[in-house]
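Each chain, written out:
Number of protein chains: 6
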Amino acid sequence: MVLVTRKEHFTAAHRMHNPDQSDAWNREVFGKCNHPNWHGHNYVIEVTVAGEPDENTGYVIDLGALKQLIHKKIIDPCDHKNLNLDVPFLKGIIPSAENLAKAFYFELKEEVNTLCEQGALHAVKLYETDRNSAEYREL
Amino acid sequence: MVLVTRKEHFTAAHRMHNPDQSDAWNREVFGKCNHPNWHGHNYVIEVTVAGEPDENTGYVIDLGALKQLIHKKIIDPCDHKNLNLDVPFLKGIIPSAENLAKAFYFELKEEVNTLCEQGALHAVKLYETDRNSAEYREL
Amino acid sequence: MVLVTRKEHFTAAHRMHNPDQSDAWNREVFGKCNHPNWHGHNYVIEVTVAGEPDENTGYVIDLGALKQLIHKKIIDPCDHKNLNLDVPFLKGIIPSAENLAKAFYFELKEEVNTLCEQGALHAVKLYETDRNSAEYREL
Amino acid sequence: MVLVTRKEHFTAAHRMHNPDQSDAWNREVFGKCNHPNWHGHNYVIEVTVAGEPDENTGYVIDLGALKQLIHKKIIDPCDHKNLNLDVPFLKGIIPSAENLAKAFYFELKEEVNTLCEQGALHAVKLYETDRNSAEYREL
Amino acid sequence: MVLVTRKEHFTAAHRMHNPDQSDAWNREVFGKCNHPNWHGHNYVIEVTVAGEPDENTGYVIDLGALKQLIHKKIIDPCDHKNLNLDVPFLKGIIPSAENLAKAFYFELKEEVNTLCEQGALHAVKLYETDRNSAEYREL
Amino acid sequence: MVLVTRKEHFTAAHRMHNPDQSDAWNREVFGKCNHPNWHGHNYVIEVTVAGEPDENTGYVIDLGALKQLIHKKIIDPCDHKNLNLDVPFLKGIIPSAENLAKAFYFELKEEVNTLCEQGALHAVKLYETDRNSAEYREL
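Protein chains in written order, with my numbering: chain A, 1 to 139; chain B, 1 to 139; chain C, 1 to 139; chain D, 1 to 139; chain E, 1 to 139; chain F, 1 to 139.
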C-alpha cells in the first residue's frame with residue numbers, strides 16, 4: 001500500500017463558540033478561544049490518498065491534480081475568510097480542528113475518489129498551529 | 001558584537017483596512033486581505049538584542065527574562081485577539097507586518113534596554129506566515 | 001475516528017548506559033552515546049488522543065487541558081534534568097528514545113483517559129533529534 | 001509496539017517519463033515534470049522499523065547502524081545522481097515518489113530485518129518536496 | 001528601516017561545471033557536484049526589500065505583487081528546468097548558490113525598485129539545501 | 001558581497017554555572033539552567049563566510065571543505081560531550097549561547113580565512129533551542 005500526501009496552506013479567522021449554549025458557558029469552556037472579536041491561524045492541511053501506483057504513470061494520484069482539487073474545494077472557500085461566518089459547507093459546525101478536519105474530509109471525498117482510479121481518500125490532517133493538530137480517518 | 005534572539009508565538013485576527021479611505025479603495029488595494037469578516041495568522045516574533053556578554057553570567061540578556069517581557073508587552077495583549085480592535089498600543093495603526101514589527105519594537109524598547117545593561121534592543125522580526133515577514137531596526 | 005495531537009518540548013541530559021553490563025560492553029554497544037560526562041537533547045514529545053469530537057465543544061479533548069497534563073506529568077519532572085538520575089518514574093530504565101516514549105505513554109495514560117470522555121490515549125512520539133524518533137502505541 | 005524512525009537526505013535529478021509511451025503522451029500526462037533536460041529535488045527519506053525494545057540496550061534497532069545501512073543502500077547510490085539513468089536498482093522504474101518509496105523499501109528490507117532481531121521494516125516515506133510525499137507499507 | 005521578505009520555492013537540475021576547464025579539473029574541484037548526468041535541488045529563494053512603510057497602506061511593498069514578480073522573473077523560467085541549459089539569463093554562469101543569488105538579484109532589481117516607491121531591493125538569499133545557502137547584497 | 005552559510009548540528013550536555021560565585025548565587029541567577037546533574041541541547045551552528053565568488057569555481061568557499069573544517073574544529077570535540085568538562089578550547093568559559101558562539105568564531109577564524117582566498121569568516125550563529133540563539137560578529 002502507498003500513502004500519498006499533499007500539503008497546502010490557508011489563513012482564516014475563527015472563534016470557538018457554540019451558539020446553543022450561553023455566553024457564560026462558552027467563556028468557561030473555550031476560554032480565550034471564545035474571544036468575541038475572533039482570532040486566527042495559518043492552517044496547514046495534509047490530504048492523504050491510499051492506493052496502488054498506476055503502471056503507466058507511477059502515480060497513485062497526480063499530485064498536481066490533487067493540489068488543484070484541494071484549492072477548489074478547501075483553499076478557495078476558506079482562505080482569508082472567517083470559518084464561522086463565510087464558508088457554506090461549515091455552517092452550523094463549531095470550527096475546532098477536529099470538526100474542520102472531518103468537514104474537509106467529506107468535502108473532498110467524492111471528487112478525490114473520482115479523480116483517483118488507483119485508490120481512495122485516506123485521511124485529512126489539519127494543523128491549527130505547529131503544536132495542535134487533528135486528523136480524520138473514516139475507518 | 002553578539003546578537004541574541006528570542007522567538008515567541010501568538011495567534012490573532014486582523015484585516016488590512018485604512019479607515020481614512022473608501023471601501024472601494026480598500027478592496028482595490030488590499031484585495032482578499034481586506035475581507036470584512038477578518039482573517040488571521042499564527043504570528044511568530046523574533047526579538048534581537050545586541051551587546052556584550054556579561055563576565056559573570058555569560059549573558060547579553062537573560063533570555064528567560066526577555067521571554068517574560070515579550071509575553072507581558074506583546075503576547076498577553078495580542079494573543080487570541082483582534083489586532084484592529086483589541087490592542088491599545090495598536091489603535092490607529094494599519095496592521096501590516098511592517099507596522100506591527102515597528103509598533104512591537106517601540107513597545108519593547110524601553111523595558112528591554114532597562115533590563116539589559118550589556119546591550120540594547122536591535123531588531124524585531126515578525127512572520128505573518130512562513131513566507132511573509134517584516135523586520136524593524138532603528139538604524 | 002479523529003486523532004488529536006499536542007506537541008511539547010523539553011531539554012535534558014542523558015547517556016546510554018546499562019548498569020548491569022560492564023563499562024567495556026557499554027562502550028562497545030553505545031559508542032559515543034555512552035560518554036560518561038553525559039550529553040543532551042532538545043526533546044520533542046507528541047501526544048496523540050483518538051476519539052470522537054464532543055457535540056457541544058467540537059473537541060475530542062481540550063488541547064489546553066492536555067497541554068497542562070503533559071506539563072505536569074512529563075515536562076515539569078524532565079525539563080532541564082538528567083534523565084538517568086533525576087526522574088522518579090524513569091528509575092531503572094535505559095533512556096533510549098524507545099524506552100522514554102513507552103514510559104511517557106504509561107505515565108500519561110490514566111490521566112489522559114480520565115480527562116477525555118470522548119476517547120483515549122493513542123500514541124506518544126518522542127523526537128530525540130530531528131532525525132531520530134520513537135513512537136509507542138499500545139496496540 | 002514501538003515505531004523507530006531515522007531520517008536521511010539526498011539530492012538527485014529526475015524526470016517523469018514512461019519510455020513505453022510517446023513523447024506527446026508523456027508531455028500531456030506529466031507536464032513540466034517531463035521536462036527533457038531534467039529537474040531535481042532534495043529528497044528526504046524516513047525509514048521506520050517496528051518492534052520491541054531489547055532489554056539490554058533499550059533499542060528496537062541501533063539508529064546509528066540503521067543510518068549506515070540507509071547510506072550504503074540508498075544515499076550512496078542515489079545522492080548527486082540521476083534517478084532515471086544512474087541507479088542500478090531503479091532501472092526500468094518511473095521515478096515517481098510512489099515508485100521510489102516502494103523501491104527503497106524492498107532495497108532495505110532484507111538487511112534491515114537481518115540487523116534488527118527485535119523487529120522488522122515497517123515503512124519508507126519519501127518527501128520529494130516539503131509538500132509532496134509518498135509512504136510505502138507492505139501491509 | 002523595515003526589511004520585508006518574501007519566500008518562494010522552485011525545483012531544478014544543475015551540475016557544477018566550468019566549460020573553460022578540463023573534465024579532470026572539474027572532477028577534482030567539484031567532486032560529486034560535477035556528476036555529468038546532473039543532480040538537483042528544491043531551491044528556496046528569499047527576496048528582501050528595505051524601505052519605509054507607506055502611510056496609506058502600511059506596506060513597504062505589496063508582498064502579493066512581489067510574489068508575482070518573483071514568479072515572473074525567477075520561478076517561471078527556472079522551475080522544473082535545468083539551470084545550466086534552459087535559463088536565458090543564466091547562460092555562461094556556473095550555477096553555484098553564490099552565482100545564482102547574484103544573478104537573481106540583478107534579474108529582480110529594476111522591476112522591484114520600480115514597483116516599490118518606498119524602498120529598494122536589499123538582498124536575495126538562496127538555499128540550495130537546508131544546510132547550504134548564499135545571500136547577495138549590493139553593498 | 002555574498003554571504004555563504006553552512007549549517008551543522010551537534011548534541012551536548014551543559015549547565016550554566018560560574019565557579020567563581022557561590023552555589024546560592026548560581027541558583028538565583030541561572031535558575032533551572034544551573035541544575036547540577038546537567039541538561040543538554042541539540043545545538044545548531046551556522047557559519048557564515050563573506051566574500052566574492054571565484055571566477056573559476058563560482059564559490060566564495062567550497063561548502064564541502066567548510067563542512068569538514070566545522071566538523072574538525074567544532075563538531076568532533078563537542079558532539080556527545082559535556083561543554084563544561086570535555087572541550088579543551090571551552091575551559092574556563094561559562095557555556096551560554098553567547099560565549100559558545102564567540103568561542104566557536106575564534107576557533108574557526110584562522111583556518112576559515114586560510115581556506116578562503118575570496119573572503120573571510122563573517123559570523124557564527126548558535127541555536128541552543130529553536131527559540132534561543134546567539135550570533136557573534138567581529139565588527
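Be aware that a few hints might be false.
A pair holds if it fits inside one copy or across any two, identical chains being indistinguishable in the list.
To be verified - Here are the simulated PhoX-like pairs of lysine-lysine, each with C-alpha atoms no more than 20 Å apart in a straight line: (1) K73 x K91; (2) K91 x K67; (3) K73 x K109; (4) K32 x K109.
FYI, nobody ran anything at the bench for these hints, they're computed from the structure. Keep in mind it's a predicted model, so treat the numbers as computed, not measured.
Hints, one by one, checked against the model:
1. Taking the shortest alpha-carbon separations for K73 and K91, only the intra-copy value of 15 Å comes in at or below 20 Å, while the best inter-copy value is 36 Å.
2. Taking the closest pair of Cα atoms, K91 and K67 never come within 20 Å of each other, the shortest separation being 24 Å inside a single copy and 29 Å across copies.
3. Taking the shortest Cα distances, K73 and K109 sit within 20 Å of each other inside one copy (10 Å), while across copies they are farther apart (37 Å).
4. With identical chains, the CA atoms of K32 and K109 are never at most 20 Å apart, being 33 Å at best within one copy and 27 Å at best between copies.
Taken one by one, the earlier hints fail for this structure at numbers 2, 4, listed in ascending order.
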